[in-house]
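Protein chains: 2
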Amino acid sequence: MNNFVETKMKNRLPEFIRGYGQVKPYCGPFETKPTAQKYGVKMSASKPGDVKLISSVREALEKVEIKDGMTISFHHHLRNGDYILNRVMDEIADMGVRNISICASSLTNAHEPLITHIEKGVVTGLHTSGLRGAIGKAQAERNILGKPVVFRTHGGRARAIEAGEVKIDVAFIAAPACDEMGNMNGAEGKSAFGAMGYPLVDAQYAEKVVAITDNLQPFPLHRVSIPMNLIDHVVVVDSIGDPDLIASGATRVTKNPTDLLIAKNAAEALIASGYIKENFAFQAGSGGASLAVCKFLRAYMEENEITGSFAAGGVTGYLVDLLQDGLFKALLDTQTFDAKAADSIKRNPNHIEMSASMYANPHNKSCSAHQLDVMVLSATEIDENFNINSLTGSTGRIMGALGGAPDTAAGAKLTVVVAPTMRKRIPIVVEKVTNIVTPGDTIDILVTERGISVNPNRKDIQEKLDAAGIETMSIRSLREHVENFTGKPEQIAYSDDIVGVIEYRDGTVMDVIYKTM
Amino acid sequence: MNNFVETKMKNRLPEFIRGYGQVKPYCGPFETKPTAQKYGVKMSASKPGDVKLISSVREALEKVEIKDGMTISFHHHLRNGDYILNRVMDEIADMGVRNISICASSLTNAHEPLITHIEKGVVTGLHTSGLRGAIGKAQAERNILGKPVVFRTHGGRARAIEAGEVKIDVAFIAAPACDEMGNMNGAEGKSAFGAMGYPLVDAQYAEKVVAITDNLQPFPLHRVSIPMNLIDHVVVVDSIGDPDLIASGATRVTKNPTDLLIAKNAAEALIASGYIKENFAFQAGSGGASLAVCKFLRAYMEENEITGSFAAGGVTGYLVDLLQDGLFKALLDTQTFDAKAADSIKRNPNHIEMSASMYANPHNKSCSAHQLDVMVLSATEIDENFNINSLTGSTGRIMGALGGAPDTAAGAKLTVVVAPTMRKRIPIVVEKVTNIVTPGDTIDILVTERGISVNPNRKDIQEKLDAAGIETMSIRSLREHVENFTGKPEQIAYSDDIVGVIEYRDGTVMDVIYKTM
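In order, the protein sequences belong to chains A and B. For the first sequence, position 294 (counting from the first letter as 1) is numbered 294 according to the numbering used here, and the numbering increases by one without interruption. For the second sequence, position 434 (counting from the first letter as 1) is numbered 434 according to the numbering used here, and the numbering increases by one without interruption.
Looking at chain A on its own, in the form it has when it is part of the complex (with noise of 0.2 Å):
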């Protein structure tokens, strides 16, 4: 029999889970502190005529020695457009090689064909932001790994990987430029995807880094993000993906009215709330209301001749005309959405890459993320303690990712919550959320287009909403308002096998995920 721990959310987590380890619970967004050191990679030596060009990913597999039970991590700046993260595995599955752990930064749809070296036992551990499709639904469902999904926010992946908590034997690097030493940039080329924010972490701890280009540049490249002295091979491939496809529905501004409506009632509070102020700091969320925020916010910077301080996150075009119009100062990005803002970070001094760790690993000497005033998410699900779900759905599937919203939640002044109340009858404030991925301890507001909620543990805000006439009511009566037209949701039958770990920010647990029944 197992026992079980509690975290300071209330919800209940055995002590140990198979294929994980040992939990330390989630105690609250700043408790738990580092005592190691950061990891140190074994050093190498190079030498005059070293020649690092090689001509396949196969030859590359070979020179970094792989084999069975190793972990390998790639980055997900191409997004549903990779082609890097599948042609490694087919080459790696071909070999005969087994046992493989991926850490990747986010997983998109474009990875499906991991399914069937899941199944054969070729990947036996899955390290990710995010999970969603054929893949999501066949962990939830079926446990095709036969453990545990670990999931960690962009922060959380930073972290863990500085303190060796994974360690990386091989780091594979689509890179849109890159010289035949592996000097290379995300910003140049017919791949161009603009800021290599997570890379720039796996090239300093892994064991061995493999740059995959597909635009070789004359040495020395004059862009460097991430430095030859980092990199072991470099490999050219026709096309390390199709950048068209970076660009999701997520990262355009909405037209549905529901969504419009809620951004209205968001930038009005945000408002009264006081933080839209000179030289404030500003984060939004890829999503539909998320973005729209902006819209009206910039309407009212314009009005009251506001200029933001920076403006940061995954970066989109939208945020690009904010700063080329001269409403932030800056922008700090990690990740670039669309091709107007790797376009953007090519050309403007003032779109400043920054690494995964700069943006929101909370064990380092800063981050982004805790410079934040106003921090604006979405959510799939939200509960009454004002807890957020943003990676599984009603149904249990796995189908969202934690991204970096408990990082920036945890570290921005103020952050509201953007959600409908429903989508298809199916309420999005709930009792009690389908899994916890931000705690609410770190979420102020909640609006959505029936009405507004304070967390009752932010008295001054909601002083400063009632002063300005705007109506909010408690976060209970709005779910039951809800509940008046989707009815209780259905309970989930789940099984005891756990087929997800949400990990904090920090390395603690903040829920498990069990296998559907």
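What the hints contain is simulated information worked out from the structure, not anything from laboratory work. Keep in mind the model is a prediction, meaning the values are calculated, not measured. Among the hints, erroneous ones may be present.
Note: identical chains are not told apart, hence a pair may lie in one copy or across any two.
Dumping the calculated EDC-like pairs for lysine to aspartate or glutamate here, alpha-carbon to alpha-carbon at most 16 Å [what the hints assert, rightly or not]: (1) Lys33 x Asp50; (2) Lys340 x Asp244; (3) Lys329 x Glu278; (4) Lys413 x Asp50; (5) Lys47 x Glu31; (6) Lys47 x Asp441.
We have chain A; now place chain B onto it with these hints.
Showing chain B alone in chain A's frame:
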């Protein structure tokens, strides 16, 4: 009784040196491979609202809990204009702290107040690339430190820090531009010095990092050479240094007719060697004749429409002209030597900043030193085995530096030494150098005003020079010829006391410096 070991260059070293440790003798430029892991600093934690800005150097020292026995680091990008090392050391002395080891990228005449701190026991360890003036004299004649100074090359310092052979407790970084969270660069502000090559390493491997700036900029600084996630504290002072004192005589092209003759001879030898061709990579050390070689090469390149790939090193205004005029496609810069070059790195994207590790560390996955075709070095002595001394004078006094000479000599396909045969009747070409800094097995040609000698192990170059009708002579004949004018140099009388250890870039020992009698 101590036992002795012998290096590949046949100099005898004690097996063990008090105040230094066990000696691993030099055994060839690429024979010593690392086996350990890189050092990892203790992890930190940050949270929203953290304040890094503090009001004085004293408060910074209190915050980092400076104490007896610590190792602290400094960079010398401000060269003779640096105010920071003295200011920090005066404060440490004032606090009554003792037994501090200083790991400086180099020390200049500006740092002579160190003598008092050494004599009082505040400073009891020195790691540096160079030592000059009164400190060099006091250590060579009196061993004021009571143990050897450890001399390292620029690449060797980066290596030793990454390897954890030197563990830095606190790094102090003079920052010409810095924001309140510690994002910094060296290119902007009244004390701009250009590239931040040395502290780029310190910031990653020091337990605590203090930025000291005279130009506090709004957060976020737009040009980030060292990111905030590595910085603990930011101190604002009136002035970090006098940038007018960065450029010294060593960084201007000579007008001395002997030096110009040597440079002209060297350029002819270089051209005859066949290495001056399309896309060649080039570096010249500081020093009159060495820089003057560029002038003659430039004429040849223009005439023959040759464009080089990159020029590297300490970067001067002269190299900037070559870049701007299209003679080289890029500059790789770890340390900027004058105001014109500092301005260039700010404005020209083809003028690329690199860390000392990317420049010259032999124990990572590449360095620019290993990508060089041609290196031109100056020397204070060269002997019949082509060994170079650039640290000690013929009197045994410590008066120079290792710099990047051993790094680039090992890396370049062709290394040419330019030196006059004598200075003030003191022979430069000698039977045996006072101390070996750069081993003769990495030197290919010596060019003087009285003759050219090719290292016998480079028969290919000898043939090229013969074919071009360039007269050469054996280095032994050249030495004997010089002795006709100067007479045999007097033997220096040494004691048994070792006052300096000269490490090769890979951490082996190349030579030791004995106290003069």
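Taking the hints in turn, this is what the structure says about them:
1. In this assembly of identical chains, the alpha carbons of Lys33 and Asp50 lie at most 16 Å apart only when taken from different copies (15 Å versus 42 Å within one copy).
2. For a Cα distance limit of 16 Å, the shortest separation of Lys340 from Asp244 inside one copy, 11 Å, qualifies, whereas the shortest one across copies, 42 Å, does not.
3. For the homomeric pair Lys329 and Glu278, the shortest alpha-carbon distance inside one copy (11 Å) is at most 16 Å, but the shortest distance between copies (43 Å) is not.
4. Within a single copy, Lys413 and Asp50 get their C-alpha atoms only as close as 50 Å, which misses the 16 Å cut-off; across copies the closest is 13 Å, which meets it.
5. With identical chains, the CA atoms of Lys47 and Glu31 are at most 16 Å apart between copies only, with a shortest distance of 10 Å across copies and 46 Å within one.
6. Only between protomers do Lys47 and Asp441 lie at most 16 Å apart by alpha-carbon distance; the minimum there is 15 Å, versus 53 Å within a single protomer.
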